[in-house]
Amino acid sequence: MRACPISCTAVKQQFSTCSRKPKDVNQMTRGNPCQLPGMLPNYDPNDSEAGMKILEDLTENVEQIQQRVLEEIITRNARTDYLKGFLDGQFDKQVFKKTVPVVNYEDIKPYIERIANGDSSNIISAEPIIELLTSSGTSGGQPKMMPSTAEDLHRKTFFYYLLVPVMNKYVDGLDEGKAMYLLFVKPETKTPSGLMARPVLTSYYKSNNFKNRPFNRFNVYTSPDETILCSDSKQSMYCQLLCGLVQRQEVLRVGAVFASAFLRAIKFLEHNWKELCSNIRTGHVSDWITDPGCRKVVSLVLNKPKPELADLIEHECSSKSWEGIIKKLWPRTKYIEVIVTGSMAQYVSTLEYYSGGLPLVSTMYASSECYFGINFKPLSKPWDVSYTLIPNMAYFEFLPVKKKNEDGAQYVQCNGVCKENCMEKETEKEDVETVELVDVKLGRYYELVVTTFTGLYRYRVGDILMVTGFHNKAPQFRFVHRRNVVLSIDTDKTSEEDLLKAVTKAKVIVESLGILLIEYTSYADTSSIPGHYVLFWELTSKGNNHLPVLDPKIMEQCCSTVEESLDSVYRRCRRNDNSIGPLEIRVVQHGTFDALMDFCVSQGSSVNQYKTPRCIKSGEAINVLDSRVVARFFSQKAPFWEPV
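So in the numbering used here, spot 572 of the sequence shown is number 909, and the numbers just go up one at a time.
To be clear, the hints were calculated from the coordinates, so they are not data collected in a lab.
None of these values were measured; they are calculated from a predicted model.
C-beta atoms are modelled at their ideal positions from N, C-alpha and C, and glycine is treated no differently.
Check the hints yourself; a few may be wrong.
[What the hints assert, rightly or not] Ranges of calculated distance between the beta carbons of each label pair, as one might list FRET restraints:
#1 436 <-> 846: 46 to 52 Å
#2 940 <-> 447: 41 to 47 Å
#3 949 <-> 586: 50 to 56 Å
#4 633 <-> 658: 34 to 40 Å
#5 890 <-> 571: 29 to 35 Å
#6 948 <-> 842: 20 to 26 Å
#7 842 <-> 885: 16 to 22 Å
#8 404 <-> 425: 18 to 24 Å
#9 716 <-> 656: 24 to 30 Å
#10 447 <-> 571: 34 to 40 Å
#11 659 <-> 720: 23 to 29 Å
#12 652 <-> 855: 49 to 55 Å
[Claimed, not checked] DMTMM-like mimics (lysine to aspartate or glutamate), calculated; alpha carbons at most 25 Å apart, straight line:
#13 844 <-> 833
#14 664 <-> 512
#15 421 <-> 450
#16 948 <-> 834
#17 435 <-> 773
#18 954 <-> 862
#19 714 <-> 512
#20 657 <-> 612
#21 633 <-> 645
#22 611 <-> 624
#23 665 <-> 512
#24 543 <-> 464
#25 838 <-> 443
#26 714 <-> 509
#27 664 <-> 587
#28 430 <-> 444
#29 954 <-> 931
#30 714 <-> 773
#31 543 <-> 450
#32 778 <-> 393
#33 665 <-> 689
#34 890 <-> 921
#35 523 <-> 624
#36 954 <-> 935
#37 890 <-> 901
#38 390 <-> 513
#39 506 <-> 386
#40 810 <-> 409
Please take these sequences and the hints and turn them into a complete structure.
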């Protein structure tokens with residue numbers, strides 16, 4: 338394969354537009370690995386040295402590249418309906434920052450909905466919008482939708498290419514085997530305009546950028562594309578694990594996108610290893626695998642009966658303890674690649690149990706809105722992971738986030754995993770000036786604001802970041818938390834307001850029976866797989882302080898009502914993806930929340946400022962509540978969900 342010549346001086350010269358920019362997303366093929374749009378230098382992904390040179394140049398020329406990115410975005414889109422109302426035909430950066438407001442999703446939602454309903458893309462983007470990417474965040478109970486263009490798929494491809502040379506710098510020999518990455522597609526829907534609405538990864542896996550990707554010797558998967566693209570998640574999981582087990586001696590790294598997804602795969606393997614071994618022993622895939630693409634490619638991978646391999650896998654899986662099972666089943670594995678930052682940090686200890694001491698690697702920071710940054714030290718511990726924002730991906734700004742009161746009270750009230758999780762007072766005022774990427778300060782906290790090539794202008798992503806250092810002139814950030822999110826198991830993000838609305842609907846059921854909900858809180862229980870939401874309820878009878886006799890069916894109805902009242906992403910994870918378990922209500926004895934307050938005060942909270950936290954993350958605080966549980970109830974049915 339001919340490598341596309343690269344001149345890294347083009348990076349320093351603010352990215353001259355590639356003259357071979359394809360007009361259509363389908364033009365990128367195995368025969369044309371170097372066709373990338375403007376602002377993205379071309380290079381052969383097999384050439385790690387060239388990749389690292391690009392990264393060094395990108396991070397050395399941050400200010401120039403950021404200015405060019407903004408100029409390009411404004412020049413392209415100044416005449417869109419959205420921007421021309423603010424810019425009045427001007428193309429100046431200062432006018433842009435002075436007149437274009439910093440916005441939330443609710444501000445741009447009407448424009449997105451107009452496009453979804455058939456209006457022209459040039460409401461917000463000069464480039465045609467080819468699909469809408471559904472976010473894990475929600476608005477009005479439904480997933481937020483982000484615009485996407487054909488060019489944006491190329492930008493993602495460029496980003497993925499850059500991950501490889503970083504890993505090659507720290508781990509040798511990745512071209513001597515394969516990656517067992519468990520990748521899946523999610524349900525998608527068609528909007529009234531005919532545009533597809535689907536999650537960002539589903540979009541990428543279904544694109545020709547992925548399906549017709551050029552050969553990269555550092556990124557050969559054990560999973561055939563047909564198994565990744567299978568819409569039946571159970572068949573997809575089974576077939577991918579089967580292929581990974583058959584090729585176990587070739588596997589050099591394992592992983593999934595999120596830690597939660599990888600652990601679900603391990604749990605699936607625990608339940609199905611006997612059948613998988615039977616398939617390997619006989620050389621025949623199970624009859625219930627009915628997807629024709631999966632059957633064909635998996636049969637080719639199985640090839641013939643392999644009784645010795647089946648015996649070996651059976652021996653390892655039949656062990657009483659699965660501690661270190663990853664290293665036992667895939668002995669050449671060098672690391673596990675999963676996102677373990679943010680809400681995924683809660684899975685680190687479970688991953689470490691299964692890993693056999695393998696490093697946990699978080700390579701990238703991305704969202705439906707934009708791909709943001711790369712971890713330049715991939716072997717760092719999960720709690721030390723920082724991401725370097727790549728300056729040609731979007732124009733980045735930052736809203737300063739101030740600390741809360743310094744008396745320590747706020748630390749306990751927020752119940753974060755660490756102090757960082759609860760020391761921010763998030764900026765709500767739109768008149769606060771943003772800070773540019775090159776002007777952020779070490780140790781400070783910021784909320785990320787992006788202007789993208791796809792039609793988002795000064796958009797608040799909702800992520801709170803802390804500056805931890807610099808790579809050359811590019812700042813590095815630690816992901817602290819999502820703004821307003823209190824509960825998360827998988828891709829769900831439940832806010833305090835969402836939780837309040839759901840609990841309010843459920844408590845009506847017990848109130849009709851003369852039972853009052855005095856107080857409540859919650860936590861995400863990830864001690865089992867899949868994890869599930871737990872609500873602690875303190876109940877009393879009207880007119881006295883006695884705990885009433887509780888009808889299990891009534892309490893189970895309360896659990897179901899809470900689930901039905903949560904947003905579409907939660908309900909999808911619960912019903913379709915099976916990535917969240919049944920919601921649980923734990924009823925606690927009278928006085929439990931007084932005991933919780935006493936505990937928080939003993940840890941430094943001010944009794945005058947104390948408010949019951951609606952989400953608990955402190956293990957000690959959870960123990961205070963758990964020690965007073967008198968009854969437990971679970972939802973008995975999955976909530977209703979369908980793609981909308």
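Do the hints match the structure? See the list:
1. 436 <-> 846: 46 to 52 Å: holds, 50 Å
2. 940 <-> 447: 41 to 47 Å: holds, 45 Å
3. 949 <-> 586: 50 to 56 Å: The hinted range 50 to 56 Å holds for residue 949 and residue 586, with Cβ atoms some 54 Å apart.
4. 633 <-> 658: 34 to 40 Å: Between residue 633 and residue 658, where Cβ atoms are some 37 Å apart, the hint holds.
5. 890 <-> 571: 29 to 35 Å: 30 Å Cβ-Cβ, so the 29 to 35 Å window holds.
6. 948 <-> 842: 20 to 26 Å: holds, 22 Å
7. 842 <-> 885: 16 to 22 Å: Given range 16 to 22 Å: holds, Cβ gap about 20 Å.
8. 404 <-> 425: 18 to 24 Å: About 21 Å separates the Cβ atoms of residue 404 and residue 425, which means 18 to 24 Å holds.
9. 716 <-> 656: 24 to 30 Å: holds, 28 Å
10. 447 <-> 571: 34 to 40 Å: With a Cβ separation near 39 Å, residue 447 and residue 571 satisfy 34 to 40 Å, so the hint holds.
11. 659 <-> 720: 23 to 29 Å: holds, 25 Å
12. 652 <-> 855: 49 to 55 Å: holds, 54 Å
13. 844 <-> 833: holds, 16 Å
14. 664 <-> 512: With Cα atoms ~19 Å apart, residue 664 and residue 512 stay inside 25 Å; holds.
15. 421 <-> 450: holds, 19 Å
16. 948 <-> 834: OK: residue 948 and residue 834 at ~15 Å, within 25 Å.
17. 435 <-> 773: holds, 14 Å
18. 954 <-> 862: Holds. Residue 954 to residue 862 sits at ~10 Å (cutoff 25 Å).
19. 714 <-> 512: Holds - the C-alpha atoms of residue 512 and residue 714 are around 20 Å apart, at most 25 Å.
20. 657 <-> 612: OK: residue 657 and residue 612 at ~18 Å, within 25 Å.
21. 633 <-> 645: holds, 23 Å
22. 611 <-> 624: holds, 15 Å
23. 665 <-> 512: Holds - the C-alpha atoms of residue 512 and residue 665 are around 21 Å apart, at most 25 Å.
24. 543 <-> 464: holds, 21 Å
25. 838 <-> 443: holds, 19 Å
26. 714 <-> 509: holds, 15 Å
27. 664 <-> 587: holds, 13 Å
28. 430 <-> 444: holds, 22 Å
29. 954 <-> 931: Holds, at roughly 18 Å.
30. 714 <-> 773: Holds, at about 24 Å.
31. 543 <-> 450: holds, 23 Å
32. 778 <-> 393: Within the cut-off at roughly 21 Å; holds.
33. 665 <-> 689: holds, 14 Å
34. 890 <-> 921: holds, 13 Å
35. 523 <-> 624: Status holds; Cα separation ~24 Å.
36. 954 <-> 935: Cα-Cα ~17 Å, so holds.
37. 890 <-> 901: holds, 16 Å
38. 390 <-> 513: holds, 23 Å
39. 506 <-> 386: holds, 9 Å
40. 810 <-> 409: holds, 22 Å
Of the numbered hints listed earlier, not one is contradicted by the structure.
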